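So the protein lines, in turn, are chains A and B.
Going by this note's numbering, the first sequence opens with residue 1, and the numbers climb by one from there.
Going by this note's numbering, the second sequence opens with residue 178, and the numbers climb by one from there.
Hints in this document: simulated from the structure, not taken from any laboratory.
Please read all numbers here as calculations on a predicted model, not as lab measurements.
Mixed in with the good hints there might be a few duds.
[Claimed, not checked] Not everything, but these chain B residues come out facing chain A in the computed CB check (under 8 Å):
| hint | residue |
| --- | --- |
| 1 | Leu189 |
| 2 | Asp196 |
| 3 | Met202 |
| 4 | Arg205 |
| 5 | Ile206 |
| 6 | Ile211 |
| 7 | Leu238 |
| 8 | Arg343 |
Every residue, glycine too, gets a C-beta built ideally from N, C-alpha and C.
Single-letter residue listing:
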Amino acid sequence: MNISSDKKRFTEVYNKESDALFRFCLFRVSDKERAMDLTQEAFTKLWVAMCEGKAMENPRAFLYAVTRNMIIDWYRRIKAVSLESMYNEEEERGFDKADEHATRQIEISSDATRVLEVLNKLDGQYKEIMYLRFVEDLPPKEIAIMLGMNANSVSIRITRGIESMRKIMGFSKKDNE
Amino acid sequence: MSKNFDKGIKDLNSIRLTDAEKTRMLARIFALPIKSPYVKRSPVFAFVESYHVRISQIGALILIFFITGVTYTSGNSLPGDLFYPIKVEVVEPMIGVVNYSPEDKVVWEGEKVERRIVEAEKLAEKNELDDEKLSNLEKRIEKSSTAFARAAQVVASSSSNSLESRKEKEESIKSAFKKKIARESEEDESLEISTARSASGSDPTLEAPTTMMFSAEMADSSITSTSSISTTSKKTTVKKENQKYKIKQLRDTAVRFVDKEDEDEEKSRNNNSEGED
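Same shape as in the complex, but just chain A (with noise of 0.2 Å):
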């Protein structure tokens, strides 16, 4: 192993990973800017860590786990920042606050806007999931790899958030038969 076949290993998960990892911090943040910040990010720490030599066995499931991490990050910031804005009301603060029902700077159909409406609307433990699921269409095993869980506890997950999926809908089992 030398830099230059991380290099080229590297440039392969980034061309093969790089727009579903975006699309996903988009789906969670909403903002184009801070999705491709944390897609950056993501991928800077896949960097150091096959730099540092470690062993990278699924670098998709390692940039799935960071980013839901920074995610979760982010979100405590901005909560704490929303949280010292009420004190100070008259202050006006930099940060944009995460808006669930819309993506800033991508012009996207209608049917993709209920499509996001409807998976934010879902349970939190749906959420992710879901979107994985059906959006980056990838099978059980992979997203239970991905998030650190259970292959079938993940099945369960998406039977039941098909059926939630479809009660926001108005749709019901007879509707789809």
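Since the structure of chain A is provided, determine the placement of chain B on it from the hints.
Coordinates of chain B only, in the frame set by chain A:
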């Protein structure tokens, strides 16, 4: 679920980074200063982290602890002890090197003489002051007294230009030393007298342990207990007197060798003057 929903998913899936954005992002990631394990680094102090150096550092630390321990232990050692040679051949010469100025040397050599006398007294208390140890101590006292006298000369010569004042200064240093030695001797004697008085006057049974030591021999030779007590006490007194005499000898040696330099100088001066005549 519905066609519209499937279309929405397809639309979402078509959201991508542009090629320019991707290239820019990749370039930024590669431009970051990341330490690579493939780059051979040779920092100046890298040897400090090496295995052998660490082992030697630990060894040095252990050695330092050992030396400190031995030095500390040797401080209270007496002639005949295991660490005594370390005290007189290693530790004290090192202290002597630190006290290199004539004034410090005067103090240090005087202290060395006192130390030897104290050692002799401690040995005498234990009844371990034999002839060999005595002669050994005597030699060391001679050496220290001579060094003291020389240092006193240097101090005196550096203090004044005139011969008389130099002599006076030298004499004052020496007489202070002699007085100190003599005072210690008087103190010891007075202490012994008071101890003997208290022992004999208040409780005669205080001498019982000494009597007990000799009682078996005394019984065999069928000597009465009264006479055995008197013989034992006589023996002890003689022994004590003997030890006291030996210590006095050491004190005399110290004083004698302080003056010996002067006597030698005077003799050589007389010889020279006779030769000239």
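Practice prompt. Sort out which numbered hints this structure fails and list those numbers smallest first.
Written response: The structure breaks hints 2, 7, 8; every other hint is satisfied.
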